[in-house]
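Enquirer: Model the placement of chain W on the given structure of chain C, informed by the hints.
So the sequences go chain by chain: C and W.
FYI, in the numbering used here the residues of the first sequence are 1 to 287.
FYI, in the numbering used here the residues of the second sequence are 1001 to 1315.
Hint data in this document are derived by calculation from the structure and do not stem from the laboratory.
Any given hint might turn out to be false.
Calculated pairs, DSS-like style, for lysine-lysine (alpha carbon to alpha carbon, straight line, at most 27 angstroms) [as the list claims (entries may be wrong)]:
#	chain 1	residue 1	chain 2	residue 2
1	W	1178	W	1243
2	W	1074	C	75
3	W	1025	C	10
4	W	1025	W	1178
5	W	1128	C	10
6	W	1246	W	1260
7	C	74	W	1025
8	W	1260	C	10
9	C	75	W	1128
10	C	75	W	1075
Derived Cβ-Cβ restraints for the label pairs, each shown as a range [unchecked claim]:
#	chain 1	residue 1	chain 2	residue 2	range
11	C	287	W	1112	38 to 48 angstroms
12	C	286	W	1216	49 to 59 angstroms
13	C	201	W	1014	43 to 53 angstroms
14	C	208	W	1015	20 to 30 angstroms
15	W	1163	C	239	50 to 60 angstroms
16	C	206	W	1112	50 to 60 angstroms
17	W	1107	C	201	24 to 34 angstroms
18	C	287	W	1163	19 to 29 angstroms
19	C	287	W	1293	36 to 46 angstroms
20	W	1109	C	103	47 to 57 angstroms
21	W	1012	C	224	34 to 44 angstroms
The beta-carbon is built from N, C-alpha and C at its ideal position, and this holds for glycine as well.
Chain by chain, the residues run as shown.
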Amino acid sequence: MLAVYRREIKSYFNTPIGYIFMGAFLGVSGVFFALFNLFGQSPDFKGTLSNITFIFLLTVPILTMRLLSEERNKKTDQLLLTSPLSLSGIVLGKYFAAVTVFLISLLVTALYPLAMSMYGPLAGWEIFGSYVGFFLMGSSLIAVGLFISSLTENQLIAAIITFVVLLLTYLLDGLMQIVPTGNAAGIIFVALCVLALAGLFYSATRNIYIGLLIVLLGGGAIGITAGIDASMYNGLIVKVLSWFSLLSRYNDFSVGILRLSPIVYYLTFSAALVFLTVRTQERRRWS
Amino acid sequence: MITVKNVTKRYGQHVAVDDISFTVKKGEILGFLGPNGAGKSTTMNIITGYISATDGQVLVDDIDIMDDPIAVKKKIGYLPEFPPLYVDMTVQEYLDFVYDIKKTGFAKDKRQEDLDRILELTRIQDMKGRLIKNLSKGYKQRVGLAQALIGDPQVLILDEPTVGLDPKQIIEIRSLIKRLGREHTIILSSHILPEVSAICERVIIINEGRIVASDTMDNLSRGLDDKSRMILRVAGSESGVLKAIKTVDGVKFAEAQGVKEPDTVDILVEAGMDIRRPLFHALARAQYPILMMRPLDMSLEDIFLRVTAGEKGVQ
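In isolation and in its complexed conformation, chain C is listed as follows:
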């Protein structure tokens, strides 16, 4: 893992990718620092941080697009996969390398609050807390990018899909306000999920009976639970969508609260996506 990690970090700075990422990241954060804190004469740096979360939309795809897609495109994955390395070691090495480059950029931005602290008192712990949140959110989004990069051979496609997926997670909170919340909507939503699951199993096994079985079981379960207490379907869509709302977890950090649950959420989210990436890589050997 360490060898892959070191090579990946080196490669970020042997190619323009690392510089483009850091340039964009520091450029945007610098502009916002100047606008809000310097010209706005405000010591509220955590406000600045929460204003620049959109920065991930543009920079994460740059950072993650080539991680796994390029290995496959250039056939260098043959070297990694035929060497005595574990698949999870390879994927983790790459993930940590991307996170490290992000962390380095983030540490550079710590110069801004440090510079401010020379001119007056700052809410140091609050700023630290929102840095932790900012870092965790960035790491989760990098895990999303890593996963998408494992799905394609083409870096450009990986970058575009990553951008679109990140955009959707950003719009998720807005979306949650307009989705229907009634019992019927919840039941229809679950029914659609059951159908999708059945379709997935059918396409994987080509066995129509398995698909039908899932439809029957799922339909039965919906019928029974709705018969007992239909109100449990109330607002279900919003609930499900909020599982994926990375942005709303950042709210606590941005007002200066350091709570355990969002930290655990981000860490689990990243771990799950890294695990999924390992699985897709593993599956590729079989197809």
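Expert: Here is chain W on its own, set in the frame of chain C:
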């Protein structure tokens, strides 16, 4: 050393490798021969653990690759069809990285010593500091070979190792592979037939995912070469010469091949035995001077075309 048992690889409906079985003994150089798309690379990818077989088993040094992939991968050096090079690294950086991921366990100073030996072997010492993307195809191929040699693996699997090299380099690499064959077990694929016959002790011919022939070079050519054939160039008229040749005992077949030189005729003769002497006397008696007599041995090309064509009938 390597045992491949009933290995099959399917991609959906397409069968890339169909129930292949063979073994390679320790210290043997095995040639893998087949047209493009025959399943050579797929088989090699399965042995090295890059992809998994749909069915069947691969044992390297009696270890199943499914049971302990790490142990098997440590024993194998692999040069894939396209050398897996990180083009934004220098040769030295790249090979250092390969030492790291192969977990060779060399101490820092010992490692450079070992690396210098491999650079010397593959003749890329002068390229150490160059970026791989600036190297020519031939040098890239050699860096790929150097990569496979790192960690002194017992088994070397080389997928078309001489592609892209110039004739002088090809000879160098071939003699290098022969030398390596003394200590390593080697599987080498190629669609260049003289290459396989020059290096390998044993050849497996593979076509459309199946093994169509597997034997030593000698046996392969002997088995098919049951008649001696030759080309003659004789001064004289076609009909006269043919008539004279057919008087010789043992001639099975004689046919004019056209005129390549004025007032001569080229003739293809097949016989069940060595008829060079009686042929000479017969033509001398008939006053037809023999200007050229060239035996036509069954080459690997002929073997190859014959077995692959025989598979599908006449093409």
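Enquirer: Between residue 74/C and residue 1025/W, is the straight-line Cα distance small enough, at 27 angstroms or below?
Expert: Given that 27 angstroms is the threshold and the Cα spacing comes to 33 angstroms, the pair is violated.
Enquirer: Is the gap between the beta carbons of residue 201/C and residue 1014/W within 43 to 53 angstroms?
Expert: 24 angstroms, violated
Enquirer: Just to be sure I understand the hint, the distance between the Cβ atoms of residue 1107/W and residue 201/C should be within 24 to 34 angstroms; is that true here?
Expert: 53 angstroms, violated
Enquirer: Does the alpha-carbon distance linking residue 1246/W and residue 1260/W stay inside the 27 angstroms limit?
Expert: 22 angstroms, holds
Enquirer: Range hint 36 to 46 angstroms: satisfied by the CB atoms of residue 287/C and residue 1293/W?
Expert: 58 angstroms, violated
Enquirer: Would you say the C-beta atoms of residue 287/C and residue 1112/W sit inside 38 to 48 angstroms of each other?
Expert: Hint holds: Cβ distance 41 angstroms, inside 38 to 48 angstroms.
Enquirer: Assess, step by step, whether the Cα of residue 1128/W is no farther than 27 angstroms from the Cα of residue 10/C, and give holds or violated.
Expert: The given pair, whose Cα atoms are some 18 angstroms apart, holds under the 27 angstroms limit.
Enquirer: Hint says 47 to 57 angstroms; check whether the CB-CB distance for residue 1109/W and residue 103/C agrees.
Expert: 33 angstroms, violated
Enquirer: Need the status of pair residue 75/C, residue 1075/W: alpha-carbon distance at most 27 angstroms?
Expert: 21 angstroms, holds
Enquirer: At the C-beta level, are residue 208/C and residue 1015/W separated by a distance inside 20 to 30 angstroms?
Expert: 25 angstroms, holds
Enquirer: For the pair we were handed, residue 1178/W and residue 1243/W, check the Cα-Cα distance against 27 angstroms.
Expert: 49 angstroms, violated
Enquirer: Is it true that the CA of residue 1074/W sits at most 27 angstroms from the CA of residue 75/C?
Expert: 20 angstroms, holds
The structure fails hints 1, 3, 7, 8, 12, 13, 17, 19 and 20 (numbered hints given earlier, in ascending order).
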